[in-house]
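Note that the protein sequences, when read in sequence, are chains G and W.
Per our numbering, the first sequence starts with residue 1, numbered consecutively.
Per our numbering, the second sequence starts with residue 1, numbered consecutively.
Just so you know, these hints were derived from the structure itself, not from any lab.
Warning: the hint list may mix true and false statements.
Chain copies aren't distinguished; within one or between two, either way the pair holds.
Unchecked claim - List time: in silico BS3-like cross-link candidates among lysine-lysine, alpha-carbon distance up to 25 Å:
(1) Lys17 with Lys47
(2) Lys134 with Lys47
(3) Lys134 with Lys17
Protein chains: 2
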Amino acid sequence: MNIPKSRNITWSHSDIKRSDREQRNGHKGAILWFTGLSGSGKSTLAKRVEKALFARGCQVYVLDGDNIRFGLNRDLGFSPEDRTENIRRIGEVAKLMMDAGMITLTAFISPYRRDRDANRELVPEGDFLEIFCKCDLAECERRDPKGLYKKARAGEIPQFTGISAPYEEPLNPELVVATDEHSPDECVQLVLDELVRRGIVPAEVAAPRD
Amino acid sequence: MNIPKSRNITWSHSDIKRSDREQRNGHKGAILWFTGLSGSGKSTLAKRVEKALFARGCQVYVLDGDNIRFGLNRDLGFSPEDRTENIRRIGEVAKLMMDAGMITLTAFISPYRRDRDANRELVPEGDFLEIFCKCDLAECERRDPKGLYKKARAGEIPQFTGISAPYEEPLNPELVVATDEHSPDECVQLVLDELVRRGIVPAEVAAPRD
């Protein structure tokens, strides 16, 4: 499993280390892996956290299903195998961006526990924060921001997570954000507080602002 | 060709624009696509440029064949199809990192002209700089830093670029760096000067230093 297909390659380290980048940026790199049902607010929350961190001077970037699927993973569909490969590649990209010093937020349904766990294994302990955007299916379906549940119920979208494909809830996520219980601002603050608690960003970064 | 396999996806823009990131970083994002034979000095030059730009305060990162092939592209070998997919994915990752505000350097043989051109097409005009590391095959083979030419001549590595697989030289690269004619420091300066000339970094960034 851990042997690349290619032979005759060697790992070469850059002269610039991740720690050099982190020192300059004033915060650590990390992967914030948002997971949850369609409509649970992953992408919205990730973008609000990005905005808050950027406003506070952090190097931060969001990878999300929509922009990744138009580019890197345009060759992949929604079969179980393709979903797994989708999540694998995103984990690798997030790892590279973290190595580049960024707080990298990913907002994908990522329904399979083993796929999320595999990405957690890619990076050192503590660098991967699984953030479960917890929201009742009924509420997700009520929100239905993209009209996808309606289509799925009508049988127009096969393998739709929560309807005709499984979602495996995280067993030990670093953070649970109940997006149907908190306001958007509260959800952002929960994430920022967790980043401070873990020493990823300094405390002043997470202080509430107008 | 331009239709992703997935349906029911929409492109969503982040609130934080690339221009916001560039303004903060004090330089533009860009892709510096180093191409050339094995042993032509791509990776060495890219890392020296990275070091120089980092020392001058830039957000900069090197993607190279060695670290990509242990991660994102570990499922790919060296067949023509796999080489093309290898380069396609790297182009997409470089685009994401550029969008995150970084000067992204890629150091891959990338032997096929159409693969490099496809990556150029991914991004707006002027954002993709093809940098041809020009070096005679005989000199690359003399250097043979990883002992690969020796193995290739012995028939131990199939499809080795320059020996048993083609290398298509760039027709209109943004920059040619003859690594067999200039010192390493001169090569770095050529790249820095080009970045200034194109307005990617401010002039003071490229000023020679001790």
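Hints versus structure:
In this assembly of identical chains, Lys17 and Lys47 lie within 25 Å of each other by CA distance solely across copies; the values are 12 Å between and 27 Å within a copy. Taking identical chains as interchangeable, the C-alpha atoms of Lys134 and Lys47 lie at most 25 Å apart only when both belong to the same chain, with a minimum of 17 Å there against 43 Å between chains. Proximity of Lys134 to Lys17 under the C-alpha cut-off of 25 Å is found in neither arrangement, the shortest distances being 36 Å within a copy and 28 Å between copies.
Hint violations for this structure: number 3 only, all remaining hints satisfied.
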